[in-house]
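Modelling step: build the complete structure from the supplied sequences, incorporating the hints.
Residue numbers (my numbering), protein chains in the order written: chain S, 1 to 366; chain Z, 1 to 608.
Please keep in mind that the hints were generated in silico from the structure rather than gathered at the bench.
Keep in mind it's a predicted model, so treat the numbers as computed, not measured.
What you were told as hints is all true, and nothing was included just to trick you.
Computed list of lysine-lysine pairs in DSBU-like fashion (alpha-carbon distance at most 30 Å, straight line):
#, chain 1, residue 1, chain 2, residue 2
1, Z, Lys122, Z, Lys206
2, Z, Lys157, Z, Lys59
3, S, Lys140, S, Lys304
4, Z, Lys228, S, Lys54
5, Z, Lys242, Z, Lys123
6, Z, Lys101, Z, Lys134
7, S, Lys211, Z, Lys226
8, Z, Lys242, Z, Lys215
9, S, Lys54, Z, Lys226
FRET-style restraints, in silico, Cβ to Cβ:
#, chain 1, residue 1, chain 2, residue 2, range
10, S, Ser48, Z, Lys143, 32 to 42 Å
11, Z, Phe34, S, Pro184, 27 to 37 Å
12, S, Asn22, Z, Glu222, 50 to 60 Å
13, Z, Ser16, S, Phe32, 25 to 35 Å
14, S, Tyr248, Z, Val64, 42 to 52 Å
Note that CB positions come from ideal geometry on N, CA and C, so glycine has one too.
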Amino acid sequence: MQNKPLSFSVDIRLNKRRNLLNFDYSIVLTVFLLGLFGLAMIYSASGSFTLVLKQAMYFFLGVILMITAAMSNFRKMEPIYLNAVWIGFFFLVLVLILPNSGTTNRWINLGFIGFQPSELMRFLLPISAAAYLTRNPQIKLSDWIIVLVTTLVAFILVFLQPDFGTSAIVLLSGIMPIILSGLPWRFIIYSFLGGIGTLPFLWMSLMDYQKERIYTFISPEADALGSGWNIAQSKIAIGSGQFFGKGYMEGSQSQLDFIPESHTDFIFAVIVEEFGFLGALGLFLLYAFLIHRLLYVAKSSNSKFAKLVSATLSIILAAYITLNISMVVGIFPVVGMPLPFISQGGTALVVNMITIGIILSLRRTT
Amino acid sequence: MNNFSRERFKTGEEYSRALFFLTPFILLFSVSLFQVLNLTLFQGDKYQTIAESNRIYQKPISPVRGFIYDRNGTLLAENIVQRDLYVTPAYIEDSAKTILKLSNLLDVPYELLDENFSRGVKKVKKFDSFPLVKALNEEQIAKAKVNLDSISGIEVKATLKRYVLHEETLAHVLGYVGDISSDDIRRDKLLAELQNTQIGKTGIEKEFDYVLRGKPGIQTQERDVKGKLVRILDTQGAEDGKDIYLTIDQKLQDHLFKLFENRRGALVALEPKTGLVRALISSPSFNPNILNSIVDTDEVESLFSNKESPIFNRAISGQYPPASTLKPFVGLAAIENEIISWDKKIKDDGEFYVEGDPRPYRGWKENGHGRVDMRKAIAESSDVYFYNIAFDLTLAGIRPMLDSFGFGKKTGLTDFEANGLLPDKKWKLGYKGDFWFKGDTINLGIGQGYILATPLQLAMAYSGLANKGVIYHPQFIQPEDEKSFEPKKIAEIQLSDNKAWEKMEQALVDVISARNGTAHKVFDANSVVIAGKTGTAQIKSILPGKEYDAIRENPALRDHALFVGYGPVEDPKLVVAVIIENGESGSEVAAPIVKSAINFYTGGFDAE
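Below, the structure is given as structure tokens:
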């Protein structure tokens, strides 16, 4: 009897703690596996311990941010999420204003650390969009229009850097919440047709190197020593891996630098060369499992916000995975996109892990 | 708008819509997996091969070319170290810039480097290098060593180059070496594997290239995408070429070459009893080292465009009318066919007429030699005597004897010799479009007209006289032991009367020894006894009413002087054929060389 009031209070605390750590551990485990495997592959591809150490630090940072995000209460976070997009805009404008070397403006350098604002935007935008669309029980047409305009502005800012691949992802990350939140199908179809109509204008606004990439994809033989060379060498690496692969650190194509950007965009080629079809299959299963578990959050949550955020972020992640792999295996044009959790690159890794953390937090309070 | 706001929004569709929009990615994902399956399993072997060829680089290792020695072990051809500037196109970013830099640094014309570069670039495979500037001089080497680190793709390499010690003296025997041309590769596919290796182009260098060249080795290397050597996987050493000992007697060759100074002509000296060639000269000559390592292309060009054709080997490829040197063989044919006997005399009044033809066939001596028999006809070289017997012999009577002495066919010394020409009726009809006339036979009787022979063929034919009918296969390769060497017979001519050999030899001895001999001028009591025959080959037939004196004003139309002889007659050691182009008198210019050769070789008075 005397237990009751006591147990009540204890219960609350226990429940709180249990709630706090009530993650889908299979997701966490998969992310850890992918991240650690990525570190190993970066070492094999680059042979640089410094690079691995740097990436490991980002991974560590990512883990902390992932756990922190996962433990947060997304309902309390909603006002923050609503305005998070402004941070993204701030950096996107900043990166265009700041003088930069080379032909593209993608990086913001804070001295001790550098990051890509476009990578930030592609997860801030959908969260803000979802928060905005679900702030009232009923969605108005104006809500969708405001989100769409915001998305287009973000898209143009990234496109101007110019970064074709990421701008497409940013576009997708803003449009997905609109579509998923219940936009009538006829609007979706009209806009799809309208989008196709703008393709010629989009083509005209592409940079020469971007056009070249598409040409190369259509006819790799035409430019065997230029961009076509990359795809050709990547395919050679993958094919020569055969069923079992050549073994870790034993891939001649990657060890002798025949694969371009082997530790970043083309790291999948290194994986297949060294671990063969079997390794590729394992990786595919891991990714499929991860996406499946992330989507389950969207399915099982009773919060519209949670559904929108987890579904959008899962699709974005799936887009990254498939576009990168299909590019590396030569069935899609080369659009500089990293392989999530594996490619070397700090911003992408940290952003991806925060994404996972946020989805985990959505699940916690279901 | 109104319409819109009244519409009820479907909620709870997020998950199913997400699945719907995930579909294209799931599709792409599946196609990617299938593509991985396709690349790794269905095309894996193919890509494995390509990956290997990316990784593996087979670097050829050049063998060291064999040396060439004379019969006594005197070094004739060796290899010397030469420093060349090599370029690897794969490592060069801006070829024009690099060439300009090198042009200034090494003081070599830009155009020359540019031409060499664009020619070489076509031939090399990836990461291979080729020589851009050959045979750098000391100053260039010094400059290169200081500056080359700053120019990528350029290095100074030490290579072995052919070097002929006696330069002009033996040029035609040894020949020269050169880079492998696309023609060479077409003829011999295996040559495509050799890079920056030189192969024999003419002479012994070519004929015995397969011995001298050796076998190249191969180093299997692993290289990265930039061509940097990662590690050596396997090395198969080169098998160096073997040395060759020639039958040539360098001292004799040297001695005789000096006698050819400022003369155009050829000499072949061989041992009649073995067929071993002791000296072979073609003059003018050239320095093979100019061609062995082509440094100055102008020099090479002038060598090939020289009107006196110094590169042409007159001794084996020069075809000349044998003129009177053919008379002994015509004589033997007449005796054998019983057209005439040794003692039968024919009146030679300087002219010979064929019935029904008012044109005379003139002898070289205006009023003739009087009544001559065979011995006198040979010694004095009576043309009328041989007009007579040739007319009676007919072509059918002369040809078999000439054929058995080897006229009109290769002797087998090398692959590069000329056939000469032993005409017959068919040949004349085919090449001259005319029938064979009696006059053609009469001219053949004194070695004029259509018949052509190389100096080598003449020497071989006379070795048959020296050996009483036996002719041995000529060769350049010195047998290990000369005493036990058994030469290969290539002809054994049987005469019905064996004494005919001695009688003909006596007549040939008279040529020098007898007071009336055509070469009696060179008679010398100290010399060994030499049997031989003079010859004066007409280049232009003398037209009626035109005297030779008018013709000889043009030196290029003057007669060729010939002498072929052997000695000592009691035991012939050397048979020598000499032709001096436009030398006019066989006895004055050719016979002294033959005499000197035989005496020098047999240790007579001319020996040092």
